[in-house]
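Trainee: The residues making up each chain are set out below.
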Amino acid sequence: MNKTTAILTGLGLLLSGTTAMAKDLHVLNWKGYGADEPFATKAFEEMTGDTVVNDFFNSEQEMLTKLRTNPGLYDVVMINAAFMQQALDEKLVQPIDTAKIANYGDLNEAQAQSKMLNVDGKTYGVPWTWGLTTVAINDKAFDTPPTSIKEMWKDDHKGRVTIRDDAVEAIQLGALATGQSINDVQDIEAVKQSLTELLPNIRTFWSSENDWNQMVASNQIDLGTYWSGSAGRAKTKFNLPVSLVVPEEGAVGWLDSFAIPQGSTNVEGAEKFINYMLSPEFYTEWDKSVGAPVSASQRAVAALPEDSFNRRVMGAPEVAERVQFQEPVTDAQREEYLKVWQGLKVGAN
Amino acid sequence: MIRAPAFLSGLGRFYIGLVLVFLYLPLIIMAAMSFNASPFYQLPFEGTTEWYAALAQNDGLIAATLNSLKIAVMTTILATVLGTAASLALFRYEFRGKRVLQALLFPPIAIPWLISGTAMLIFFFGTGIGRGLHAILLGHVALALPYVIIVVSARLQTFSKDLEDAAASLGASSWQTTRKVTLPCIAPGIVAGGLFAFAVSFDQFVVSYFLATPGQTTLPVEIYAAIRKGFTPEINAVSTIIIVFSMSLMLVVSRFFRFGGDQ
Amino acid sequence: MATTGTRRQNGLAKALPLLTPAYAWLTLAIFLPLSAMVYFSLLTSMSPSEQSSSLTLANYAAFFSDPLYATLLWRSLQLGLLVTLICVVVGFPAAYVLAKIFKGRAREAIFLLVILPFWSNSLVRVFSWSMVLREGGILDTALNAVLPFEVTFDLMYSFPAVVIGLVHSYLPYMVLTCYLSLQAIDDALIEAARSLGASRFTTLRRVVAPLALPGVLAGSALIFIPVVGSFMEPRILGGRGGTLYGTVIEDQFTAVYNWPLGAALSFILLAVVLAILLVSAPVLRKAA
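Residue numbers (the numbering used here), protein chains in the order written: chain R, 923 to 1271; chain L, 5 to 267; chain P, 1209 to 1496.
No wet-lab data here; the hints were simulated from the structure. In this text, a Cβ means the ideal position worked out from N, Cα and C, and glycines have one as well. Heads up, a few of these hints could be off.
[What the hints assert, rightly or not] Lysine to aspartate or glutamate pairs mimicking EDC-like chemistry, simulated, CA-CA at most 20 Å apart:
#	chain 1	residue 1	chain 2	residue 2
1	R	K953	L	D63
2	R	K1194	R	D1042
3	R	K1194	R	E1207
4	P	K1222	P	E1316
5	R	K1261	P	D1274
6	L	K233	R	E959
[Unchecked claim] Computed spacing ranges between beta-carbons, pair by pair:
#	chain 1	residue 1	chain 2	residue 2	range
7	L	A57	R	D958	32 to 40 Å
8	P	A1350	L	D63	30 to 38 Å
9	R	V1189	P	A1232	41 to 49 Å
10	L	L22	R	A1112	49 to 57 Å
11	L	D63	P	L1293	41 to 49 Å
12	L	A60	P	A1266	51 to 59 Å
13	L	A57	R	K1076	14 to 22 Å
14	P	K1311	L	T53	36 to 44 Å
15	L	P48	P	P1368	24 to 32 Å
16	L	R103	P	S1488	15 to 23 Å
[Stated by the list, open to error] If you only want the chain P side, here are some residues facing chain R, beta carbon under 7 Å, derived:
#	residue
17	F1272
18	L1281
19	S1338
20	R1342
21	Y1365
22	G1447
23	R1448
24	T1451
25	T1462
26	A1463
27	V1464
Let the sequences and hints guide you as you build the complete structure.
Mentor: Below you can see the structure in the form of structure tokens.
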């Protein structure tokens, strides 16, 4: 047995010999979400000499599990602020020395000081972008854009609606549709009822931007929930007929931040990377050539053209009034949401 | 030969044709789409080779492909050697518990891969063996071993023990007998077992999926991640290449070993 | 008696050096992991801090207290049966034609064509269906170019799509196993039945079918077992209808990080599959 193990270890070393290299910077993020843009990787690598290695997740849950099962692998992780608490509880991230990040000073004060990112006087997350989870439409299906979230429930769109397969997001959509606060769902039965009525309209659940874009490209859907930055990308980068709607019932707001995982072997590189991600140079290029959500850096947003979507629409007061920002979800809530959502999905067939 | 009426045999041929269309149509369409310009597979068709060019630049996919090949080759070697040794032991010697040992070959085949894969994940993670390419190799060999033992044992059934006894009585040592008499006789079985091992490993997705770590993955795992997280026709391009590769490999092999012909 | 005993022990002593490497490997990579999974399924939580020292049956209780899991398991079993059945219905005649109508080189070539896809990557084959089945996809366009009337052919993201993808993946197994057992039937036997006045159908039913049964059953087992545990195919092709027992287990390991629950669910699946195999064992033995 010992011999076998020894041989195995030998083989393993042989196999993995090619992978380890000094000064790699492992970044964990959504796919196609800024940090992996080829122009950014190239610019950053030229600037620092580090090699960026991207890895991706498909849901916040998967992101957390990747951190849990790969300790010491990642150097930078993109965390939705509402999930920071959970990462902290499990000691997955480490405090950040904001003095080392020159562009930290450009951040929107309220976002930088967010209680979700700062605990016991230590900063664990650097705000990067914010945006909305709201409704996006296929322009081909509408003469005038809808104003109500209820449009998704209409019979005209039977089998032509998509939402993301995510328990928390689904429950929060139900909360908006039933006039409840997304962070304090009192009447879960009403949410259930509302989602049950929505399900027959659902074409499929999307799990990546690519799913959404493909469905619009092949004209399979009329509308669905989408992220504000993603809708921008669909329009800018892929020339798809996609528009964002902020319905009168409101929209879910999120704040994405960068954190440094516990055990990172390249903290210095991580700080440089986060700094670069906040820079106006990166942000303007990202928004112009690809499409981006709103940067948390005020200097970066100010560098955009005045008529850009992220200044004109996202900066408008009536939008700000409608947004309900996500707050952390407790474990008990998450479990309940997951159960409700799984039950709904199974019952729907 | 049974003489089936012409219309029945015609019908039969037509039916086989339909089955072949069903089996090959999607593969052909997928290959065609790897030459289509639209990243969302939109028609009309516009020819391009840009996805193949993009593939040549995609270090992640190339590394994963090399990993897949490396692991498949190592699995083939390890599983064939260990499996042939075990088959010889099971063939030559009588001992208590032999039937149990033979029965133990079935769980790796019969248990859904989802279960073997998650069980390996738990065990390797918990014991510090860890995940990564070495863990994937560990799993693949275990999955391939029973196939090798079964195929080689089947070949051994057609081999007479008398030959070994004759060699021994002429003064050949046990190792000489094995090398000069037994192994050449069962060589086709060993090669077939090795091929099974290669195919099991190269095609394996589920077990690799649970044991892969970022950077240490195989091609199927990488393709699955790409399908779920947003992909481009680069995936069609790499899929087309590996389908052509594995099918040609089998075609070459079938030139040497006749499958399914009249025996 | 005594001599047999010593020879037996002697046999074991000689066999051990040859057997040990293979079985040690299987132990390390299959049997120990399965035992670890049983242990894991009795744990309360993943994180060591919340770990209570005692073992619990709570994860198994979760299966029985929430009808969700049983519903999903039932649905996965139904899917397994349906796919297996379709493979028998489609694959057996194909194997029959191959074994009894084609001969010589043609048979060899076509047999090779049928099993070739089996050697290509299963994931890629499933993925290829997503090109075919989508609306505005190639099948759609091709049909509309030929047919005088407009059809929309849109099965993508549905239960039928999952079934089609799985049948495509596993059909070669059925053709292979049926072919092997059909090929072994002596044609003279069939001719004898015919010359004794049995109709084509009676011959098929009374002579060919019973002799080919082992092949059909072996193929069925090879298909049913992996299909019940499938998760990749429903994820890619199933969309809204793609939530199955296998996908819930996958979620426990890759997303939710509840490995104990995942282990318990896996183990229940294993038990159910084994139970089904045991129940059908007498039939299998009779057939063999």
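Trainee: Which hints, by number, does the structure contradict?
Mentor: The structure breaks hints 2, 4, 7, 13, 17, 18, 19; every other hint is satisfied.
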